[in-house]
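K.L.:
Each chain, written out:
There are 2 protein chains.
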Amino acid sequence: MEPLQCGTSPIVGFRFSLHPMTGDFIQVIKGALRETDTTNVWMHTDDVSTVIRGRQLHVFNAAKSIALHAAKTGVHVAMSGTFSVGCPGDSAGDAYLDKGDELLNTDTSKQYVSSQFALYPMNNPDYMAIIYREVERAKALGVYNDSMHYASGIHGDIHDVFAFYEEAFANARTSENAHLVMTVALSINSPSHGGGSGA
Amino acid sequence: MEPLQCGTSPIVGFRFSLHPMTGDFIQVIKGALRETDTTNVWMHTDDVSTVIRGRQLHVFNAAKSIALHAAKTGVHVAMSGTFSVGCPGDSAGDAYLDKGDELLNTDTSKQYVSSQFALYPMNNPDYMAIIYREVERAKALGVYNDSMHYASGIHGDIHDVFAFYEEAFANARTSENAHLVMTVALSINSPSHGGGSGA
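Residue numbers (this note's numbering), protein chains in the order written: chain A, 1 to 199; chain B, 1 to 199.
Chain A extracted, bound-state conformation (with noise of 0.2 Å):
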């Protein structure tokens, strides 16, 4: 029996799954990791999904990477997983908690993203305000869409919505309550864009 113990590791996961809508999924899929730089993570690709773990700035920045290169192909490209902290289970990949600050993953490339996301922070009585708090700062950046059963809408170009979702799950956890899980749902190149709610 592995310990039911959360929250001693400060590294950050994030288990996701990239789906071109094209037959040539593979080459989409390995041509978005091939123009990542991902030294800065530990990264482990399963049957169905991958995962990246390291540093916060680390996770997101190689996210955002593989997000943006996907989309450049222009096929529609969809991105959903989970990014986590706080229940690491093992300590693969705490090696990288040393990699310094320099973002190695650089392209400002605009990109329209819509997407959905979702705040579950563990074991706390407050999880409903912490959400309803992260919401709100995402009406105040101007990347809030949509809300919806179970998700709220974030859209706006790749940059700012990844700027978001960094900042909401830096400030959706606390030293009493670490571990905290935020799924994501990314569409991009969607034929049912550019008019909010769609087919």
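Using 30 Å as the maximum straight-line C-alpha spacing, the simulated DSSO-like pairs for lysine-lysine come out as follows:
1. A:K139 <-> A:K110
2. B:K30 <-> A:K30
3. B:K110 <-> B:K139
4. A:K30 <-> B:K72
5. A:K110 <-> A:K99
6. B:K72 <-> B:K110
7. B:K30 <-> A:K72
It is worth saying that the hints were derived from the structure and are not from the lab.
Since the structure of chain A is already known, use the hints to place chain B on it.
P.N.:
Below, chain B alone, put in the same frame as chain A:
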């Protein structure tokens, strides 16, 4: 400001995205929705995802049918989403709680699915014990595939996989801790399947 209370409704929801890895993704999605009888669930689609809500048995039945019908095209398809209960936000779809017990989608075609899931019992100090208990249940049922960061691998025939998910979702909540979230990521017809951990 919306109320900060959860756990007041038995309505179950599933917000998901279906991703066929083909340029004909729209046809695959529309076909899967058309071939699924969704009259027992409330459904709404926006530019990123679709949500279905209703009684637990009908939500899981419709979700499985949508995945199965998409799979029958032979295309590599992924379904990712979040099952939620206990925090409806509002009452849209509550009328569907009056639906009977008869399942409307009864196709028993076999289909291999490799998937990953995570349980998030909210505001519950015992949540890690609940998660481990459900993972042990998967092992006993023969659908457990692998352990990994932030998730557990579940695979097998689609009917066995969904039966496990529905059972885990039912078991992981109590009347005192009614707000429960479960994320799932399914991969079907993938070239990476067949060898466990792959590309």
